[in-house]
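Peer 1: Going down the list, the sequences are from chains A and B. Under numbering that gives the first Met the number 0, the first residue of the first sequence is numbered 0, with each subsequent residue one higher. Under numbering that gives the first Met the number 0, the first residue of the second sequence is numbered 0, with each subsequent residue one higher.
Treat the hints as calculated values from the structure; they're not laboratory data. Because the structure is a prediction, the values reported are computed rather than measured. For each residue, glycine too, the CB sits at the ideal point set by N, CA and C. Fair warning: there could be bad hints in the mix.
Claimed, not checked - So, partial list: chain B residues that the calculated Cβ filter (under 7 angstroms) puts toward chain A:
hint, residue
1, Pro87
2, Pro163
3, Arg167
4, Gly175
5, Ile183
6, Asp184
7, Ser187
8, Phe190
What the hints assert, rightly or not - If we take Cβ atoms under 8 angstroms as the criterion, some of the chain A residues that face chain B in the derived model are:
hint, residue
9, Ala9
10, Thr10
11, Phe11
12, Arg155
13, Arg160
14, Ala165
15, Pro167
Stated by the list, open to error - Some chain B residues flagged as far from chain A (calculated, every beta-carbon gap over 12 angstroms):
hint, residue
16, Gly39
17, Gly61
18, Val92
19, Gln122
20, Gly123
21, Arg174
In case you want the letters, here they are:
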Amino acid sequence: MNPSVDALRATFGNAIGRALVARDGETIVTIGRDALLDVMRWLRDTAGHSYDYLVDVTAVEYRDGERPIELVYFLRSLEQRADLRVKVELPKEQELVVDSVVGLWAGADWLEREVYDMFGVTFRGHPDLRRILMWETYAEGYPLRKDFPLRGRFSRAEQVRQALGANPEAHYSMEELSIAEAFEELPEDMRERLRRGERGKIPFSE
Amino acid sequence: MKHVVETTEVAGQSPNWLLTRLDDLVNWARANSLWPMPFGTACCAIEFMATAASRFDFARFGMERQAFSPRQADVLICAGRLPFKLAPVIRRVYDQMPQPKWVISMGACASTGGIFDNYAMVQGIDTIVPVDVYVPGCPPRPEGLLYGVLLLHKKIKGETVLDPELRREQPLDDRGLRLPPEQIDEISEPFGNSVHQFRSA
Ligand code: SF4
Numbered sequence: 000m001n002p003s004v005d006a007l008r009a010t011f012g013n014a015i016g017r018a019l020v021a022r023d024g025e026t027i028v029t030i031g032r033d034a035l036l037d038v039m040r041w042l043r044d045t046a047g048h049s050y051d052y053l054v055d056v057t058a059v060e061y062r063d064g065e066r067p068i069e070l071v072y073f074l075r076s077l078e079q080r081a082d083l084r085v086k087v088e089l090p091k092e093q094e095l096v097v098d099s100v101v102g103l104w105a106g107a108d109w110l111e112r113e114v115y116d117m118f119g120v121t122f123r124g125h126p127d128l129r130r131i132l133m134w135e136t137y138a139e140g141y142p143l144r145k146d147f148p149l150r151g152r153f154s155r156a157e158q159v160r161q162a163l164g165a166n167p168e169a170h171y172s173m174e175e176l177s178i179a180e181a182f183e184e185l186p187e188d189m190r191e192r193l194r195r196g197e198r199g200k201i202p203f204s205e
Numbered sequence: 000m001k002h003v004v005e006t007t008e009v010a011g012q013s014p015n016w017l018l019t020r021l022d023d024l025v026n027w028a029r030a031n032s033l034w035p036m037p038f039g040t041a042c043c044a045i046e047f048m049a050t051a052a053s054r055f056d057f058a059r060f061g062m063e064r065q066a067f068s069p070r071q072a073d074v075l076i077c078a079g080r081l082p083f084k085l086a087p088v089i090r091r092v093y094d095q096m097p098q099p100k101w102v103i104s105m106g107a108c109a110s111t112g113g114i115f116d117n118y119a120m121v122q123g124i125d126t127i128v129p130v131d132v133y134v135p136g137c138p139p140r141p142e143g144l145l146y147g148v149l150l151l152h153k154k155i156k157g158e159t160v161l162d163p164e165l166r167r168e169q170p171l172d173d174r175g176l177r178l179p180p181e182q183i184d185e186i187s188e189p190f191g192n193s194v195h196q197f198r199s200a
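Construct the complete structure from the given sequences, taking the supplied hints into account.
Peer 2: Shown next, in the form of structure tokens:
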């Protein structure tokens, strides 16, 4: 068992739930959703723990419909050479909202966007929460949820129609393209699109 | 009574000698200088690269120069699976190519969706652009692609310069589709093993 767990219990008490050692020897600790930011900041900043690297953020939905969706944070301390998996349970009856850790690890940006895109979990405080794998006008839902049909919700023809209606250039925001400074030199139509924040249009959708 | 066929009648029915010679010349030139626009999206693109490299070398068939600009390309080779997110991209590339233009769909995924019968994948690029030659395989060996290219040569050599279809653009219809929706649904039907694939809560 990773010693950080005992230290967490001593500091946060009830906010720390079950802890167990996975088959590969890594420690998994479950924490309450409200304590997430505090716990994460503590894990990152406390000497002797210093989990300075967020390896991945992902989510799991179990076949058993009663079980909550689990968010999984893979942390690594380069200094301690230690790994820790932190889980947050999100019951399905409640809104799937959790605090964003982008403020702690900037690398969480795209990871959280992926979880949002695939599972529909909203990250409070995320600077740019948009779909990342599917295009932005994608309207069928969240593909990795268990209630999502394998072939999608719409007919193939409708899927093709919506896909062809997407604007291939609209996947980038101003910040991503770093063209904010070059804005004035862009062609008029592109400026107009960026100004309106256009993300593609589906013909005859209304 | 003897049936006499007037020469004018024959000339009206068959392309005249001059025109066939001209067709031969033009088609010979077109078929032997196809500039491919590689649209490599997945594993098939590796075999495509092998086909382009020295061992198989499709420069032998006049594809010396790969056109990385659609404006200078004759044949679009879609090598690999096409997610819906790339559908408007390949459509735009196709629209930007000058006439006459041809499309080769390389591999099971590009032709039918292959093993990826799921929410993210186009079930055959022919729902998006017209396809001239399908090359089966997962991935097709370079010989397979070369055979497909030779089939395309054959097709081109049977064309005539007078055919207006060669120069007709085929834009999307007012629904934003290339084919009627029923037809898209029909060609996207699951088949083979994927009939049994199913997932929902
Ligand atoms: S047909 Fe096979 S090799 Fe080609 S893209 Fe699909 S999976 Fe990859």
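Peer 1: Work down the list of hints and note, for each, if the structure agrees.
Peer 2: Checked hints:
Hint on Pro87 of chain B holds. Least Cβ distance to chain A is approximately 5 angstroms, under the 7 angstroms limit. Of the supplied interface hints, the one on Pro163 of chain B is violated, with its beta-carbon coming no nearer than about 26 angstroms to a beta-carbon of chain A, more than 7 angstroms. A cut of 7 angstroms between beta carbons decides the hint on Arg167 of chain B: the least distance to chain A is about 20 angstroms, and the hint is violated. Contact between Gly175 of chain B and chain A, as hinted, is supported at the beta carbon level, the nearest pair being about 4 angstroms apart and thus within 7 angstroms.
Hint status for Ile183 of chain B relative to chain A: holds, with the closest Cβ pair at about 4 angstroms, below 7 angstroms. Look at Asp184 of chain B: its Cβ gets to within about 5 angstroms of chain A, closer than 7 angstroms, so that hint holds up. The criterion of a C-beta within 7 angstroms of any C-beta in chain A is met by Ser187 of chain B, whose closest approach is roughly 4 angstroms, and the hint holds. The beta carbon of Phe190 of chain B comes no nearer than 13 angstroms to any beta carbon in chain A, farther than 7 angstroms, and the hint placing it at the interface is violated.
Given hint, Ala9 of chain A at the interface with chain B, is violated; its Cβ is 41 angstroms from that chain's nearest Cβ, farther than 8 angstroms. The interface hint given for Thr10 of chain A is broken, as the beta carbon of that residue sits about 39 angstroms from the closest beta carbon of chain B, more than 8 angstroms. The closest approach between the C-beta of Phe11 of chain A and any C-beta of chain B is roughly 35 angstroms, which is over the 8 angstroms cut-off, so the hint fails. Taking 8 angstroms as the C-beta cut-off, the interface hint given for Arg155 of chain A holds, the closest approach to chain B being about 4 angstroms.
Look at Arg160 of chain A: its Cβ gets to within about 5 angstroms of chain B, closer than 8 angstroms, so that hint holds up. For Ala165 of chain A, the interface hint holds, since its Cβ comes within 8 angstroms of a Cβ in chain B; the closest pair sits about 5 angstroms apart. A hinted interface residue such as Pro167 of chain A counts as satisfied when its beta carbon comes closer than 8 angstroms to some beta carbon of chain B; here the least separation is about 5 angstroms, so the hint holds. No Cβ of chain A approaches the Cβ of Gly39 of chain B within 12 angstroms, the least distance being about 17 angstroms, so the stated non-interface status holds.
In this structure Gly61 of chain B is separated from chain A by more than 12 angstroms, as the shortest Cβ-Cβ distance comes to about 31 angstroms. Listed as outside the interface, Val92 of chain B is inconsistent with that label: its C-beta sits roughly 10 angstroms from the nearest C-beta of chain A, within the 12 angstroms cut-off. A cut-off of 12 angstroms between C-beta atoms contradicts the statement that Gln122 of chain B is not in contact with chain A; the least separation is 6 angstroms. Not every beta carbon of chain A lies more than 12 angstroms from that of Gly123 of chain B, the smallest distance being close to 10 angstroms; the non-interface claim is violated.
Consistency note on Arg174 of chain B: stated as away from chain A, yet its beta-carbon is not over 12 angstroms from all of that chain's, at 6 angstroms minimum.
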